[in-house]
Amino acid sequence: MKNQKNTLNILGNKNRRKILEILAEKPMYVTEISKKLETGRKAVIEHLQILENHELIKPYRKGNRKYYKINKTLMLQIIITQNTTQIQIEDLEMTENDINQARTTFPEIERMERKKYEINQDFRQILTLIREIEEQCQKIKKTEKRLYQLIDELMHTGQQIVNKKVTNQKEKDILLEMMKEGQVRPEELSKRLNLEVDDIYEAVKNLREKNIL
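Throughout the sequence shown, residue numbering follows the numbering used here, covering 1 to 213 in sequence.
Please note: incorrect hints may appear among the correct ones.
Calculated pairs, DSS-like style, for lysine-lysine (alpha carbon to alpha carbon, straight line, at most 25 Å) [what the hints assert, rightly or not]:
1. K180 with K210
2. K180 with K164
3. K14 with K36
4. K180 with K5
Hint data in this document are derived by calculation from the structure and do not stem from the laboratory.
When you get a sec, could you build the whole thing from the sequences and use the hints?
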(Lines of atoms letter the chains of each structure in order from A and count residues from 1; the text may use other names and numbers.)
(Lines give C-alpha, C1' and ligand atoms only; values in the text may rest on other atoms or scores of the structure.)
Protein backbone atom coordinates (compact mmCIF):
# COMPACT_ATOMS: atom_id res chain seq x y z
CA MET A 1 0.00 0.00 0.00
CA LYS A 2 1.35 3.40 -0.95
CA ASN A 3 1.36 6.57 1.13
CA GLN A 4 -1.77 6.81 3.29
CA LYS A 5 -2.36 10.49 2.51
CA ASN A 6 -2.19 9.75 -1.22
CA THR A 7 -4.69 6.94 -0.74
CA LEU A 8 -7.02 9.29 1.12
CA ASN A 9 -6.75 11.84 -1.70
CA ILE A 10 -7.63 9.14 -4.22
CA LEU A 11 -10.67 8.04 -2.25
CA GLY A 12 -11.77 11.67 -1.97
CA ASN A 13 -13.02 11.47 -5.57
CA LYS A 14 -16.66 10.28 -5.61
CA ASN A 15 -16.33 8.54 -9.01
CA ARG A 16 -13.37 6.48 -7.80
CA ARG A 17 -15.30 5.54 -4.66
CA LYS A 18 -18.24 4.54 -6.85
CA ILE A 19 -15.96 2.40 -9.03
CA LEU A 20 -14.79 0.55 -5.91
CA GLU A 21 -18.43 0.02 -4.89
CA ILE A 22 -19.22 -1.33 -8.35
CA LEU A 23 -16.23 -3.70 -8.36
CA ALA A 24 -17.16 -4.91 -4.87
CA GLU A 25 -20.25 -6.47 -6.50
CA LYS A 26 -18.19 -8.38 -9.05
CA PRO A 27 -15.22 -7.91 -11.43
CA MET A 28 -16.12 -5.88 -14.51
CA TYR A 29 -14.59 -4.54 -17.72
CA VAL A 30 -14.41 -0.88 -18.74
CA THR A 31 -17.65 -0.71 -20.74
CA GLU A 32 -19.65 -2.26 -17.89
CA ILE A 33 -18.16 0.16 -15.37
CA SER A 34 -18.78 3.09 -17.73
CA LYS A 35 -22.49 2.22 -18.06
CA LYS A 36 -23.00 1.77 -14.33
CA LEU A 37 -21.13 4.96 -13.55
CA GLU A 38 -22.83 6.81 -16.42
CA THR A 39 -19.45 8.29 -17.33
CA GLY A 40 -17.40 8.18 -20.54
CA ARG A 41 -14.88 5.40 -21.13
CA LYS A 42 -11.92 7.79 -21.21
CA ALA A 43 -12.68 9.18 -17.73
CA VAL A 44 -13.30 5.67 -16.38
CA ILE A 45 -9.97 4.44 -17.77
CA GLU A 46 -8.16 7.35 -16.10
CA HIS A 47 -9.80 6.56 -12.75
CA LEU A 48 -8.99 2.86 -13.12
CA GLN A 49 -5.35 3.66 -13.86
CA ILE A 50 -5.05 5.76 -10.69
CA LEU A 51 -6.70 3.04 -8.58
CA GLU A 52 -4.44 0.39 -10.13
CA ASN A 53 -1.29 2.48 -9.58
CA HIS A 54 -2.14 2.59 -5.88
CA GLU A 55 -2.84 -1.16 -5.73
CA LEU A 56 -6.51 -0.75 -4.83
CA ILE A 57 -7.65 -2.68 -7.90
CA LYS A 58 -6.05 -5.29 -10.12
CA PRO A 59 -6.64 -6.09 -13.82
CA TYR A 60 -6.78 -9.56 -15.33
CA ARG A 61 -7.59 -11.04 -18.72
CA LYS A 62 -10.59 -13.20 -19.46
CA GLY A 63 -10.92 -14.01 -23.13
CA ASN A 64 -10.42 -10.83 -25.12
CA ARG A 65 -11.52 -8.54 -22.30
CA LYS A 66 -9.58 -6.86 -19.53
CA TYR A 67 -11.43 -7.10 -16.23
CA TYR A 68 -10.80 -5.21 -13.00
CA LYS A 69 -11.30 -6.49 -9.45
CA ILE A 70 -10.70 -5.28 -5.92
CA ASN A 71 -7.10 -5.98 -4.97
CA LYS A 72 -7.10 -5.17 -1.24
CA THR A 73 -9.41 -5.53 1.72
CA LEU A 74 -8.88 -2.32 3.62
CA MET A 75 -10.23 -0.50 6.65
CA LEU A 76 -10.14 3.29 6.60
CA GLN A 77 -10.46 5.18 9.88
CA ILE A 78 -10.25 8.94 10.40
CA ILE A 79 -10.12 10.41 13.89
CA ILE A 80 -10.26 14.19 14.38
CA THR A 81 -10.12 15.68 17.87
CA GLN A 82 -9.04 18.99 19.40
CA ASN A 83 -5.60 17.53 20.06
CA THR A 84 -4.83 15.20 17.21
CA THR A 85 -5.80 14.00 13.76
CA GLN A 86 -5.21 10.37 12.81
CA ILE A 87 -5.67 8.73 9.44
CA GLN A 88 -5.36 4.96 9.52
CA ILE A 89 -5.59 2.70 6.50
CA GLU A 90 -5.08 -0.94 7.39
CA ASP A 91 -5.00 -4.11 5.35
CA LEU A 92 -7.65 -6.50 6.71
CA GLU A 93 -5.64 -9.55 5.69
CA MET A 94 -4.56 -11.38 8.85
CA THR A 95 -1.86 -13.93 9.62
CA GLU A 96 -2.72 -17.00 11.68
CA ASN A 97 -0.99 -15.40 14.66
CA ASP A 98 -3.15 -12.27 14.23
CA ILE A 99 -6.30 -14.40 14.14
CA ASN A 100 -5.28 -16.36 17.24
CA GLN A 101 -4.55 -13.13 19.10
CA ALA A 102 -7.97 -11.78 18.12
CA ARG A 103 -9.61 -14.97 19.40
CA THR A 104 -7.77 -14.66 22.71
CA THR A 105 -8.70 -11.00 23.13
CA PHE A 106 -12.32 -11.48 22.07
CA PRO A 107 -13.48 -15.09 22.72
CA GLU A 108 -16.83 -14.48 21.01
CA ILE A 109 -15.00 -14.75 17.68
CA GLU A 110 -14.51 -18.50 18.04
CA ARG A 111 -18.19 -19.04 18.78
CA MET A 112 -19.18 -17.04 15.70
CA GLU A 113 -16.64 -18.91 13.60
CA ARG A 114 -18.17 -22.23 14.68
CA LYS A 115 -21.64 -20.94 13.80
CA LYS A 116 -20.36 -19.92 10.37
CA TYR A 117 -19.11 -23.44 9.68
CA GLU A 118 -22.39 -24.94 10.91
CA ILE A 119 -24.47 -22.95 8.41
CA ASN A 120 -25.55 -25.28 5.64
CA GLN A 121 -26.76 -23.24 2.65
CA ASP A 122 -29.40 -21.55 4.83
CA PHE A 123 -29.66 -17.91 3.79
CA ARG A 124 -31.72 -16.95 6.84
CA GLN A 125 -28.98 -18.23 9.14
CA ILE A 126 -26.44 -16.19 7.19
CA LEU A 127 -28.49 -13.02 7.69
CA THR A 128 -28.90 -13.76 11.39
CA LEU A 129 -25.18 -14.33 11.91
CA ILE A 130 -24.27 -11.18 9.98
CA ARG A 131 -26.53 -9.12 12.24
CA GLU A 132 -25.04 -10.79 15.33
CA ILE A 133 -21.50 -10.04 14.16
CA GLU A 134 -22.48 -6.42 13.46
CA GLU A 135 -23.78 -6.12 17.03
CA GLN A 136 -20.46 -7.42 18.35
CA CYS A 137 -18.63 -4.91 16.12
CA GLN A 138 -20.67 -2.11 17.69
CA LYS A 139 -19.60 -3.25 21.16
CA ILE A 140 -15.97 -3.24 20.07
CA LYS A 141 -16.38 0.23 18.54
CA LYS A 142 -17.72 1.62 21.81
CA THR A 143 -14.67 0.24 23.62
CA GLU A 144 -12.38 1.63 20.93
CA LYS A 145 -14.05 5.06 21.16
CA ARG A 146 -13.36 5.23 24.89
CA LEU A 147 -9.72 4.24 24.34
CA TYR A 148 -9.31 7.01 21.75
CA GLN A 149 -10.91 9.44 24.21
CA LEU A 150 -8.24 8.48 26.73
CA ILE A 151 -5.51 9.03 24.11
CA ASP A 152 -6.97 12.46 23.34
CA GLU A 153 -7.04 13.37 27.04
CA LEU A 154 -3.42 12.26 27.41
CA MET A 155 -2.43 14.25 24.32
CA HIS A 156 -4.01 17.33 25.87
CA THR A 157 -2.14 16.81 29.15
CA GLY A 158 1.09 16.15 27.27
CA GLN A 159 0.72 19.37 25.27
CA GLN A 160 0.21 21.32 28.50
CA ILE A 161 3.40 19.82 29.96
CA VAL A 162 5.37 20.64 26.81
CA ASN A 163 4.13 24.23 26.70
CA LYS A 164 4.89 24.71 30.42
CA LYS A 165 8.31 23.07 30.65
CA VAL A 166 9.86 23.52 27.19
CA THR A 167 10.77 26.84 25.60
CA ASN A 168 12.90 25.66 22.68
CA GLN A 169 10.68 25.31 19.60
CA LYS A 170 12.66 22.41 18.10
CA GLU A 171 12.33 20.48 21.34
CA LYS A 172 8.59 21.25 21.45
CA ASP A 173 8.13 20.01 17.90
CA ILE A 174 10.02 16.80 18.63
CA LEU A 175 7.98 16.03 21.76
CA LEU A 176 4.65 16.72 20.03
CA GLU A 177 5.66 14.55 17.08
CA MET A 178 6.64 11.74 19.44
CA MET A 179 3.23 11.93 21.12
CA LYS A 180 1.53 11.59 17.73
CA GLU A 181 3.77 8.91 16.24
CA GLY A 182 5.34 7.13 19.21
CA GLN A 183 9.04 6.30 19.52
CA VAL A 184 10.50 7.00 16.08
CA ARG A 185 14.09 6.99 14.87
CA PRO A 186 15.91 10.35 14.77
CA GLU A 187 16.31 9.96 11.02
CA GLU A 188 12.53 9.69 10.63
CA LEU A 189 11.95 12.69 12.90
CA SER A 190 14.45 14.62 10.81
CA LYS A 191 12.38 14.02 7.66
CA ARG A 192 9.05 14.80 9.27
CA LEU A 193 10.18 17.99 10.99
CA ASN A 194 12.63 19.15 8.32
CA LEU A 195 15.46 19.29 10.84
CA GLU A 196 19.04 18.07 10.70
CA VAL A 197 19.62 14.67 12.32
CA ASP A 198 22.31 16.19 14.55
CA ASP A 199 19.77 18.74 15.79
CA ILE A 200 17.40 15.90 16.69
CA TYR A 201 20.10 14.08 18.68
CA GLU A 202 21.07 17.30 20.46
CA ALA A 203 17.45 18.14 21.33
CA VAL A 204 16.77 14.64 22.64
CA LYS A 205 19.94 14.81 24.75
CA ASN A 206 18.79 18.13 26.25
CA LEU A 207 15.31 16.76 26.97
CA ARG A 208 16.81 13.77 28.78
CA GLU A 209 19.01 16.04 30.85
CA LYS A 210 15.89 18.00 31.84
CA ASN A 211 14.28 14.68 32.83
CA ILE A 212 11.45 15.21 30.33
CA LEU A 213 12.36 12.15 28.25
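Status of the hints after comparison with the structure:
With a C-alpha separation of about 21 Å, the suggested pairing of K180 with K210 holds against the 25 Å cut-off. For a cut-off of 25 Å, the pair hint linking K180 to K164 stands: about 19 Å separates their Cα positions. For the proposed pair K14 and K36, the alpha carbon gap of about 14 Å is at most 25 Å, so the pair holds. The suggested pairing of K180 with K5 holds, with an alpha-carbon distance near 16 Å, which does not exceed 25 Å.
In summary, this structure violates none of the numbered hints.
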